[in-house]
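Asks: The primary structure of each chain is shown beneath.
2 protein chains.
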Amino acid sequence: MSQAISLKETAELLLASDNFVIICHASPDGDTLGGAFALCGALQKLQKRAKVRVPEEVSERFNYLKSGIEEQEFSEEFIITVDVADAALLGSLQDKYPVPDLCIDHHVSNTGYTKNLLLDSEAAAACEIVFELIKLLGSGIISSEIASCLYTGISTDTGCFRFSNTTAASHRITAELMEYGFDCAGLNYLLFEMRTKQRIELEKKALESAEFYFSGRCAMITLTGEMLKAADDEDINAISSMPRQIDGVEVGVTFKQKEEGVWKVSIRTKNYMNAQVICAKFGGGGHQRAAGCRITGDMQDCKTKILTEIERHI
Amino acid sequence: MSQAISLKETAELLLASDNFVIICHASPDGDTLGGAFALCGALQKLQKRAKVRVPEEVSERFNYLKSGIEEQEFSEEFIITVDVADAALLGSLQDKYPVPDLCIDHHVSNTGYTKNLLLDSEAAAACEIVFELIKLLGSGIISSEIASCLYTGISTDTGCFRFSNTTAASHRITAELMEYGFDCAGLNYLLFEMRTKQRIELEKKALESAEFYFSGRCAMITLTGEMLKAADDEDINAISSMPRQIDGVEVGVTFKQKEEGVWKVSIRTKNYMNAQVICAKFGGGGHQRAAGCRITGDMQDCKTKILTEIERHI
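Going line by line, the protein sequences match chains A and B.
Position 306, counted from 1, in the first sequence is what my numbering calls 306; the numbers after and before it change by one each time, with no gaps.
Position 164, counted from 1, in the second sequence is what my numbering calls 164; the numbers after and before it change by one each time, with no gaps.
Check before you lean on any hint, since a few could be wrong.
One copy or two, it doesn't matter: identical chains are merged, so the pair holds either way.
Said to hold, decoys possible - List of simulated lysine to any residue pairs, SDA-like, C-alpha gap at most 20 Å: (1) K115 to R217; (2) K281 to K305; (3) K45 to E234; (4) K204 to S241; (5) K205 to R195; (6) K270 to R195.
Simulated from the structure, these hints should not be mistaken for lab results.
None of these values were measured; they are calculated from a predicted model.
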């Protein structure tokens, strides 16, 4: 089990160390990347050596996060993970870094796989914690680049301040970050508005496939393997949230064809239904409002099975 | 011309008066409504009499704004407009209230049609100004209902903190508002996520109609009168912003059929093109990034005319 440490203890630990490797989780998102690059920039500003490692390829959309970072060669000493709840999420880097020195995280489910753990499960994003930490490392460290990294994490993890994890602190920190003068509106376009032509095409097909059940309380969309060919994870994820957005819909279901006769099903619920309970019936899992499972067989049979289970709870 | 007054002077004026009518602008949005109902609630809390008047029907989506308000009968004395830049925007109420006592606004274009004017053109929303004003009226006035009204104005006018008008102050005020404990995530769903089935249907048809020009730098969608029958203003407005959201698109054009041979054209640009200049060519107007015009004739001819003008600037 990790040793739980405070912000102040973490700052002291970092100030006393050097030659940092900061690791992101697999399927890297704005929070793990933004937090890692912000911390890397801050440590470099303190004349320490630091680099970021990511177990998977990073979407080009996030290239700007590296803009304040200097590439440095050094012998690695102090290993930090950011926003990584479980060692398994280190993916291809897990073997090389079995017990990192420190994890900075906001997941209540953190498994305590590092020597030290700075955890704040009230924080909407790991970047909120990294922000408070950098402030303790010294004054004058935060640049507009670091601010834009931290903003990236907070805004993406809160769905641009829309999700229920958004707190007064999220807004208060964002206000402070904006004072550093990065191009916030440009970043918002990049992160939340821009849609590729492939995405538009997929949305069109998804909407065409929409079916409604139980007097409109259940909406289902179907994405065949053919439709999914050109789509990336981010697009598919965004599209899976579409059925639930429809007025009157309590449960949104997305059928995604993985291969002939194999379907990945995403279930998103709105107010009262437990998506996890439904998916657990088919060996899947997740959270109360968002869960998933795999199901095999003829499409119509699979849909009937899922709908029968939904009917028991709706 | 209006007398420009400060926040403090405005607070003194309100504290010295009673029997308020607070008026919203026509085509009422979250900011004019949120600001008016917040101020009404605050004045009632001060044991004054106040009511809100709106020149047009209010979308049911905004019903919750009235939840803290008591219906009161009284003889009207002090007339306030909120977020109303021009007397013409009072619509059907303009004749009854030719020179209101006070306008609270954030539009730099305010025409000064009221006796007194509290203007802050740096504010992202009129609700930011109303918030500061209510704080000066006394302590303990802001309830969770008032906070949710003010949040509505700030979040809608900033596109949920995405638009370039969002400032550090917008976030700082929002942080303060969240401390009053309203259901922020529920409100965000209502304001930004919920889409009616009609809207989904219209989006689908809009996407099907998409055409691309100038190597993908111009995207055009066409909404026929038939498609627009069941749609409301809010939906059409949201859909007009879709073409510009596509990756690589600098100018998004939406053709909306008003009647046979009559088209309303919305032009939204991203980075460098001036939408207003293009629309001015056809007798229209607007802003640099969003403008509109009316054009008559055969659909294909109309499109060619617009595209020819766009080609000169793209």
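Asks: Which of the listed hints are not met by the structure?
Replies: Violated hints (numbers, rising): 1, 3; every other hint is consistent with the structure.
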